[in-house]
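Peer 1: Each chain, letter by letter, is given below.
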Amino acid sequence: MSSLDQKASSSATTERVKASLRKRYAAEKRFKLYGIVAISASIAFLFLLMGSIISKGLPAFSQTYVNLNVSLSAEQLDIDPTATDSELRRANFSGVIKQAMRDRFPDVSKRRDKKALYSLISTGAEYDLYDRIVADRSLIGQNVNLWLIADDELSAIVKSKSDLSAPDSIVTRLTDQQVGWAKNLQDAGDVDVRFNRTFFVNGDSREPELAGIKAALMGSAFTLLITFTLSFPIAVASAIYLEEFAPQNRWTDIVEVNINNLAAVPSIVFGLLGLAVFINFFHLPRSAPIVGGIVLSLMTLPTIIISSRAALKAVPPSIREAARGLGASPLQVVTHHVLPLAMPGILTGTIIGLAQALGETAPLLMIGMVAFIVDIPTSVTDAATVLPVQVFLWADSPERAFLEKTSAAIMVLLVFLILMNAIAVMLRKRFERRW
Amino acid sequence: MSTTTLFLLTIGLGIASYAYGRSRAYSVAKRHGGVRALHSLPSHYGMMVALWCALPALAIIISWKIIEPSLISNMLDSAIPQAIHDGGVEAVKLYKNDIGNLVDSEKIASIDNAEKKLAAERLTNLRSTSALALFVLALTVAIAGAALALRKIKPETRARHKVERVVKFFLISCASLAILTTIGIVFSVLFEATRFFQEVGFLEFVTGTKWSPQTAIRADQVGASGSFGAVPLFLGTLLISFIAMLVAVPFGLMSAIYLAEYASRPVRNIAKPLLEILAGIPTVVYGFFAALTVAPALRSVGESIGLSVSSESALAAGAVMGIMIIPFVSSLSDDVITAVPQSMRDGSYGLGATKSETVRKVVIPAALPGIVGGVLLAVSRAIGETMIVVMAAGLAANMTANPLEAVTTVTVQIVTLLTGDQEFDSAKTLAAFALGLMLFVVTLFLNIIALHVVRKYREQYE
Amino acid sequence: MPSSAQEAFDKLTHTVGTPTVDNAKMQTRNVNVFYGEKQAIYDVDLDIGQNEVIAMIGPSGCGKSTFLRCLNRMNDTIPSCRVTGQMSLDGEDLYGADLDPVLLRARVGMVFQKPNPFAKSIYDNVAYGPRIHGLAGNRAELDDIVVDSLRKAGLYDEVKDRLDAPGTSLSGGQQQRLCIARTIAVSPEVILMDEPCSALDPIATARIEELIDELRENFAIAIVTHSMQQAARVSQRCAYFHLGKLVEVDDTSTVFTNPQHELTENYITGRFG
Chain A
1 MSSLDQKASS
11 SATTERVKAS
21 LRKRYAAEKR
31 FKLYGIVAIS
41 ASIAFLFLLM
51 GSIISKGLPA
61 FSQTYVNLNV
71 SLSAEQLDID
81 PTATDSELRR
91 ANFSGVIKQA
101 MRDRFPDVSK
111 RRDKKALYSL
121 ISTGAEYDLY
131 DRIVADRSLI
141 GQNVNLWLIA
151 DDELSAIVKS
161 KSDLSAPDSI
171 VTRLTDQQVG
181 WAKNLQDAGD
191 VDVRFNRTFF
201 VNGDSREPEL
211 AGIKAALMGS
221 AFTLLITFTL
231 SFPIAVASAI
241 YLEEFAPQNR
251 WTDIVEVNIN
261 NLAAVPSIVF
271 GLLGLAVFIN
281 FFHLPRSAPI
291 VGGIVLSLMT
301 LPTIIISSRA
311 ALKAVPPSIR
321 EAARGLGASP
331 LQVVTHHVLP
341 LAMPGILTGT
351 IIGLAQALGE
361 TAPLLMIGMV
371 AFIVDIPTSV
381 TDAATVLPVQ
391 VFLWADSPER
401 AFLEKTSAAI
411 MVLLVFLILM
421 NAIAVMLRKR
431 FERRW
Chain P
436 MSTTTLFLLT
446 IGLGIASYAY
456 GRSRAYSVAK
466 RHGGVRALHS
476 LPSHYGMMVA
486 LWCALPALAI
496 IISWKIIEPS
506 LISNMLDSAI
516 PQAIHDGGVE
526 AVKLYKNDIG
536 NLVDSEKIAS
546 IDNAEKKLAA
556 ERLTNLRSTS
566 ALALFVLALT
576 VAIAGAALAL
586 RKIKPETRAR
596 HKVERVVKFF
606 LISCASLAIL
616 TTIGIVFSVL
626 FEATRFFQEV
636 GFLEFVTGTK
646 WSPQTAIRAD
656 QVGASGSFGA
666 VPLFLGTLLI
676 SFIAMLVAVP
686 FGLMSAIYLA
696 EYASRPVRNI
706 AKPLLEILAG
716 IPTVVYGFFA
726 ALTVAPALRS
736 VGESIGLSVS
746 SESALAAGAV
756 MGIMIIPFVS
766 SLSDDVITAV
776 PQSMRDGSYG
786 LGATKSETVR
796 KVVIPAALPG
806 IVGGVLLAVS
816 RAIGETMIVV
826 MAAGLAANMT
836 ANPLEAVTTV
846 TVQIVTLLTG
856 DQEFDSAKTL
866 AAFALGLMLF
876 VVTLFLNIIA
886 LHVVRKYREQ
896 YE
Chain D
898 MPSSAQEAFD
908 KLTHTVGTPT
918 VDNAKMQTRN
928 VNVFYGEKQA
938 IYDVDLDIGQ
948 NEVIAMIGPS
958 GCGKSTFLRC
968 LNRMNDTIPS
978 CRVTGQMSLD
988 GEDLYGADLD
998 PVLLRARVGM
1008 VFQKPNPFAK
1018 SIYDNVAYGP
1028 RIHGLAGNRA
1038 ELDDIVVDSL
1048 RKAGLYDEVK
1058 DRLDAPGTSL
1068 SGGQQQRLCI
1078 ARTIAVSPEV
1088 ILMDEPCSAL
1098 DPIATARIEE
1108 LIDELRENFA
1118 IAIVTHSMQQ
1128 AARVSQRCAY
1138 FHLGKLVEVD
1148 DTSTVFTNPQ
1158 HELTENYITG
1168 RFG
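Chains as they are written, first to last, in this note's numbering: chain A, 1 to 435; chain P, 436 to 897; chain D, 898 to 1170.
Keep in mind that a hint or two might mislead.
[To be verified] To give an idea of the chain D side of the interface with chain A (calculated C-beta under 10 angstroms), a few residues:
hint, residue
1, Asp997
2, Val999
3, Ala1003
4, Ile1029
5, Leu1032
6, Phe1116
FYI, nobody ran anything at the bench for these hints, they're computed from the structure. This one's a predicted model, so the numbers in the text were calculated from it and none came from an experiment. Ideal placement from N, C-alpha and C gives every residue a C-beta, glycine not left out.
Using the sequences and the hints given, assemble the complete structure.
Peer 2: Structure, rendered in structure tokens:
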């Protein structure tokens, strides 16, 4: 090809390229748009999820109360005024409350209507009464105005700020008659919405308005405690061995590959392991945080080992050489010099691993931590459930009010997770060292 | 004396012997002309004494506690009435359980059956004897160990080496725990699964098309003989995973490409943490969202255009699972895309390629092995994902490719078969382990391939 | 740097020698380049003539590579990089609003320091440019372009039996020739080479140098090199850069036998650099 040919082909190139440019730039724009769409869709989904959960869950943080004039005479309560606390348990609280409701709505006479009327007050009001009387014996024999917990259906229509004078427009399981009573109470100023303490101090309950997350929270705390005490030292020790002492041989290779694979094994398989080994073979108690903690620590171990190794690897060899040059033994080099420097990184990895464990549900279902837990667990061997499992249980409940409880429990769970991750990020930022 | 107290006591003894050993080392050193005369630091001698004191004792306590239950149970046999023994092993087991419960709840006094009372008293007796024996044994060993080690505090004793050997052994055993876990998984799943395959043939399990695990409680019940054909489960799992990947791969990959190649630093700094949050949301939350928000929404959309959508459609579960996996795919792809050397991009730009041409025709082909590895890992995650499908996919073992119908998955069935109270040895619960075995084998296979591919890919550009 | 040389550099306000040529393919006038606050190139005037090889030499960090990368706007990919002054190709302003960087890079090709074949077959590496620019109407035309380019790059005989093999399977020198073939396949008018032989052994280097000499017949070539011998062997003109300034530019023989500027002389005689 001569120089002239080349010139011709060069100018042909110019022409061809020019001709193709518009189309290519359009493709360029389209491609970039796909990227923007993909990332914004993912982020939009995050907001949709959060928004839906927050909007559903917020009402759960408030609780509706009804003001009633209750007559606490010993006779009505059917007790001896000097009754002990345990005798007091058998007092006729429900009768007292029913009487108060009848007094408030004297026109209600039919048996069926009365029953409908009573159902506006939660059964939890009885326990509340008991607590008050135990706290203050002088209440016996008095007529007092008390704010009592309302039933969840009543609570729902009050909290949703529905127009109670138009019962037809409200979606509720309450009858028009019950809505009418509610309207009466509301107009008299006898209905109030307050912060829901119950949600944070109670265990689970069949009654949505009495159900709380404390049992699940304590269960999660005990489980995480076990997970941390087991996984942290073991993971750090493994990471130190693999990073600092392990000889380059087949066994080390196998261990490494094994750890990486374990990190990707589905969590439910760890649940099967827990069921077969710890419960059926070692006969550890079912539903207990100790088993949950062991299973979760086996599950989080690979994660923490991998990040701990990365943190150890980031410590420059010069520091090891310097320490060794001063006559430190290999173990001293690690414990005195390398480990302290790697600690922030290791802790970050540990917190992220624990956050994973906190959100884990499936393996815990396998080992029976899916029980209906009313009592707050007090040790690692008590039957317990954890927050995500509580979410799972409530999500299954038919009552509408459990929907908001579920969302609220999720909010609490997410707050903890975000807190943990924020701490991890802060640790990383604060102690990040560039070598 | 409870075991916890004994445990703590031993550890306390260990700490005390550390202090004593150290001070002993100092005084020995003084006699030999200062600390430098010793081979190791005094604290090493202290550690040595502490380890010699506590380790054997703790080992004894733990092994005792493991052996104790079966030992006591065997010794209890003589106290159990012959009538019960005649009733077979199960009856004896039940009887022993009963007695155990009585003793635990301290109700011996209220037992009216004399034989039972006798057995209960014997059990109490055995237990206290065992506790006492353990107490004496553990403390003797602890003190003997400490004494032995104390005599070894001499300048020529290499205390540091001894201590470091123990520590190193501890490190090695920790690292090997991962192997032990894998072995534990394999054995526990394999063992129960084998028992299942003795009842239900392996072939029937992997080729049968009817899944209804309800076995008869009484032999004479009608229509309740379980059938364990797992094919509908496998297909359901595949369908949902497929839908999930249809969502996760394009969105995850494009997000990664945008973040790695196009996004400005501020955009990256905001978008990446947001994706990380998406990745950190527990699966049970996704499940809740799928079941209570997405599924009803899909259903009403379907109705409005005249489609019948099941309220537990594979589409809802799969789509939400896909969204859950987006950040996973995106962060793995981001890593491999940024690992493609800049010189390759320069080469493409130098020829007059636009950015998207460079990405599509140079960067992605170069990163393909890594991306494929990441996608395989994502598939393995989708297959093993449990909560979303448990909450949103339902139990109907349909064989269908229609994403609007309900299907069930392997993980859903494992959960259903194993939650609630049931006899552990029934075919039903064993079936869960057989499914677990399938799940483990398939995901392990995917993981090994994926990790291998990704590792090879990284080595190529390092 | 001897203090007298420092003085000489500080006094340097214009380039010694003849920066312009009659048949200029590319022209640059008063070019300054900044990376953020830092100035990398000071007031460079330089022409690149038709069918000539111009070598750019100078110590590390003298700005020769930066200058080269401005000639096809490769520096656009670095956000902090700013260019002032005029640069033109056949009289068209490189940084003008109506000049498209994609088109410019098709006309001004580039070969890089490290061979950087794509993760594709040899054939696809060479066909990449023609494909994206739509230069071939059909498969046969594309085949012609690929074979022709490989021939011109002196690689065809070595690879004709394995065009489907990955580009990375070639040796370093072959990879670099593949990259040159890839560049030629687009039929550019100018080829920029950024230390094309620095990663190669002497035999591969000699092969590339030969090739550059052959290519001169069809292209204007600007080559940045670390090796003065290489500059002397392959170029007709030679430009010496120092700390971002173009110190001297002239016929290669003049620069190497009779440098006019003290700095150039110091460099040529090996007193520093």
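Peer 1: Would you mind marking each hint as holding or not holding in the structure?
Peer 2: Consistency of the hints with the structure:
Below 10 angstroms, beta-carbon pairs count as interface contacts, and Asp997(D) has one with chain A at about 6 angstroms; its hint therefore holds. The interface hint given for Val999(D) holds, since its Cβ lies 6 angstroms from the closest Cβ of chain A, which is under the 10 angstroms cut-off. A distance limit of 10 angstroms between C-beta atoms decides the matter here; for Ala1003(D) the minimum to chain A is near 5 angstroms, and the interface restraint holds. For Ile1029(D), the suggested interface contact is upheld, since its CB lies about 8 angstroms from the closest CB of chain A, less than 10 angstroms.
Hint status for Leu1032(D): holds, given a least beta-carbon distance of 5 angstroms to chain A, under 10 angstroms. The closest approach between the C-beta of Phe1116(D) and any C-beta of chain A is roughly 7 angstroms, which is under the 10 angstroms cut-off, so the hint is satisfied.
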